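Participant: Order-wise, the sequence lines are chains F, E and S. Each step along the first sequence adds one to the number in full-length UniProt numbering, with nothing skipped, and position 1 is 1. Each step along the second sequence adds one to the number in full-length UniProt numbering, with nothing skipped, and position 113 is 113. Each step along the third sequence adds one to the number in full-length UniProt numbering, with nothing skipped, and position 132 is 132.
Where hints are given, some of them may not hold.
[What the hints assert, rightly or not] Taking lysine-lysine pairs in the DSS-like style, the calculated list, with each CA pair at most 30 Å apart, reads:
1) Lys174(E) <-> Lys217(E)
2) Lys16(F) <-> Lys49(E)
3) Lys141(E) <-> Lys168(E)
4) Lys137(E) <-> Lys150(E)
5) Lys233(E) <-> Lys149(E)
6) Lys214(E) <-> Lys113(E)
7) Lys113(E) <-> Lys137(E)
8) Lys117(S) <-> Lys222(F)
9) Lys214(E) <-> Lys149(E)
10) Lys141(E) <-> Lys69(E)
11) Lys141(E) <-> Lys216(E)
12) Lys69(E) <-> Lys16(F)
13) Lys222(F) <-> Lys77(S)
14) Lys77(S) <-> Lys54(F)
15) Lys113(E) <-> Lys233(E)
16) Lys222(F) <-> Lys103(S)
17) Lys141(E) <-> Lys217(E)
18) Lys137(E) <-> Lys217(E)
19) Lys125(S) <-> Lys222(F)
[Stated by the list, open to error] Now the in silico label distances, taken between C-beta atoms and shown as ranges:
20) Thr189(E) <-> Ile58(F): 52 to 58 Å
21) Phe15(S) <-> Pro125(F): 19 to 25 Å
22) Gln85(F) <-> Ser193(E): 42 to 48 Å
23) Asn8(F) <-> Pro121(E): 29 to 35 Å
24) Val90(F) <-> Thr162(E): 55 to 61 Å
25) Tyr165(F) <-> Asn161(E): 24 to 30 Å
FYI, nobody ran anything at the bench for these hints, they're computed from the structure. Everything numeric in this text was worked out from a predicted model, so none of it was measured. Note that the Cβ used here is the ideal one computed from N, Cα and C, for glycine as well.
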Amino acid sequence: MGDYFTWNGFIHFIPKIAAQLPMTLLIVGGSLAIGVLLGLLLAFVRVFSIPVAKQIAIVFTSFVRGTPEIVQVFIVYYGLPLLVQSITGVDIDALSALYFVIVAFGINTAGYLAELFRGALESVPRGQYEAGEAAGLTRGAIFRRIVIPQAAKFALPGFGVNVVYLFQSTSMAAAVGVMDMMGKAANLGSATGRLLQSYAAAAVLFIIISIVLQWAFTLLDKRVTFGR
Amino acid sequence: MNALSTAKRVAGICLAAATVFGLTACGAAGSASGEQTTTVTIGVNNAYKPFDYLNENGDLDGYEIAVLKAVDDALPDYKFDYKPLDFQNIIVSLDSGKVDVASCVFTVNAERKQKYNLTEPYHLYLPAYIYVSNNSKASIKGIEDLAGKKVAATQGTDVANTLEEFNKKNPDKKIDLVYANWSGEQLATALESGAVDATYSDPVSFDLGQLKGKAKKVGEPIQESETSFLVGKKDTKLAKALDEGLKKISDDGTLSKLSQQYLGDDYTKSVA
Amino acid sequence: MADAQVIVSGVKKSFEDNLVLRDVSLSLQSGDVVAILGPSGSGKSTFLRCLDYLERADAGTLQLGNDVYDLHDASNKQILEVRRRTGFVFQNYNLFINKTALKNVMEPLVCAHRVPKEDAERIAKEALDKVGLSDRYDYYPSQLSGGQQQRVSIARAIAVKPEVIFFDEPTSALDPELIGEVLSVMKNLANQGITMIVVTHEMRFARNVATHVVFMEGGVIVEEGSPEQIFEHPQQSRTRQFLQQIADDAAIG
């Protein structure tokens with residue numbers, strides 16, 4: 001190993017890469033927020049068969065799930081300013097690349113979550129809706145208080161998978177210049193000529209994150225079990 | 001229900017944080033001051049030593065960065081903003097307008113002259129040499145001596161194209177070009193074992209690479225490539241300004257000094 | 001409020017080309033217990049569901065007290081109003097899976113009737129006590145037997161003090177040994193003067209507890225009257241046939 005890898009250097013790299021954790025969390029958090037909201041919207045449109053919107057949702061979801069994510073990142077990063085410019089004439093190129101990354105990941109996540117949420121919503125027995133209706137609850141109340149908490153149980157495992165996947169895919173953010181954990185690992189690796197060392201350090205950090213996430217989701221799962 | 005509202009709250013905070021962060025970053029970038037300074041965005045390679053790269057601390061460093069900084073100082077009406085990018089993104093960013101200037105040791109050729117404004121004076125003249133193993137007994141002095149020999153080459157490089165041209169003109173004295181994704185290690189091993197007889201490089205890359213100490217340069221430079229910064233074709237005003245800046249630092253010797261400092265020798269003048 | 005009458009008039013309903021309800025009308029006084037009998041496919045469940053807008057009738061009206069509601073053309077506000085003035089007990093209980101028994105009973109109070117939480121809790125506990133589940137307040141539906149779940153469901157319906165409660169085959173999904181506890185609760189409700197419309201197969205309940213029995217077949221009311229009239233002296237041959245069928249089945253069992 002010699003020049004490629006020293007344990008000392010490896011340990012040394014860990015805090016340096018970990019310093020970019022806030023950035024990684026920012027990307028994941030922002031993308032998740034967009035993904036959940038947009039995903040819920042798309043799921044509702046499908047479940048309630050709203051005309052026109054339903055077709056758009058289907059096409060959109062297929063595209064997002066059928067193309068490589070890095071392609072979507074580039075399309076948003078290069079294409080969105082052009083689109084915005086042609087419609088409103090505003091030049092958004094100056095915006096930090098972080099914005100674009102969050103939008104791209106958010107849209108991608110929404111595509112996957114939409115299917116997940118749709119399946120979860122449809123798994124809630126019709127009788128639950130009817131009992132709520134018969135009791136005189138409004139549609140909104142039924143969804144908020146009865147259907148969604150139950151759908152959450154069905155959606156949770158898939159949701160956890162998507163969150164973990166989001167963390168892994170933040171590595172693509174570095175391709176457009178966002179300095180998150182993976183970007184820092186690449187930077188350190190090429191700056192010091194010790195790629196194996198820096199990526200190994202990054203891997204360790206990601207393993208820790210995965211373990212924390214797993215623990216968190218196990219806790220969450222208990223919350224939505226309702227005595228079962 | 002508690003789980004959902006907690007998750008929603010966390011997500012909401014993250015989104016808010018991202019928005020704040022983005023806006024401050026945006027604000028910082030767009031703070032062209034009250035005077036007439038124009039901000040110029042320059043896309044630079046983030047990992048190409050010793051020309052453009054991010055060092056361990058995440059700061060931009062390298063010869064081309066230093067040159068650009070010197071030009072920035074020489075042009076009080078302009079302020080340079082640097083965007084470190086992956087190699088594949090640099091040209092695309094320039095073409096799509098995300099950056100105004102591109103810096104990545106771009107060699108001057110006819111195609112680029114047509115598509116972009118190339119800055120002058122050229123800030124780098126890199127000679128390409130033939131390199132053989134330290135224990136090679138062959139007497140190779142120039143391209144002709146490579147006939148019939150195996151040469152490790154990288155697809156798409158200017159020298160490779162030159163050698164291909166030679167082969168076209170001399171079908172009976174062909175050079176055996178061995179194309180691969182050569183790493184420094186692989187080249188050194190191949191030369192030592194005799195798997196290939198020679199390769200080509202420039203002195204700067206050679207100094208930094210794995211070949212140092214294992215190979216030596218022979219003969220005269222087989223060709224020389226000039227390097228320039230790329231500016232959008234329509235951006236003639238900016239291109240002219242950059243040219244002025246480059247001329248200034250070339251005339252007062254700054255350019256040569258930077259070359260010595262970063263590259264080990266003065267590569268700012270043609271030796272062809 | 002509990003003195004109000006319930007009058008149903010001219011309910012019609014088709015599914016695709018299938019005319020399921022031809023013209024059904026019914027009239028109740030406060031405190032009446034109406035049992036609706038009939039073979040499957042007679043439309044009795046559909047009829048009941050139309051009264052609560054769980055199916056949208058093609059025609060018909062529902063009168064609660066002095067208020068008349070169109071069962072076909074009603075605004076969301078009117079639908080909510082009807083649902084808040086009535087209770088519904090489903091064949092499959094349909095308890096809210098994510099809430100405890102207590103929270104299940106509290107839900108309509110808190111959410112639909114805007115009752116403050118402390119009051120709702122008190123009322124809910126009383127209702128659960130009435131159905132004999134004082135020791136099960138904090139159990140989730142998944143932790144309760146079918147009979148217990150149905151009793152919670154009844155508690156949920158009575159807690160809001162509705163003008164009438166609709167029961168859609170309340171014991172049909174229960175294991176035989178659990179039917180008794182539910183019927184006994186329903187009998188208590190009847191004795192307390194609660195107005196009930198019950199679609200059921202339980203003949204003894206219809207005979208002993210109901211104040212009025214309705215026999216439906218093919219989307220119409222074939223015959224109706226007091227339990228004595230229907231069971232002892234059925235006028236229509238179809239009624240007789242049906243009762244005979246039931247008796248035969250009981251004999252075999």
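Participant: Where does the structure disagree with the numbered hints, that is, which hint numbers, in rising order?
Facilitator: Hints 5, 6, 7, 10, 13, 22, 23, 24, 25 contradicted; others consistent.
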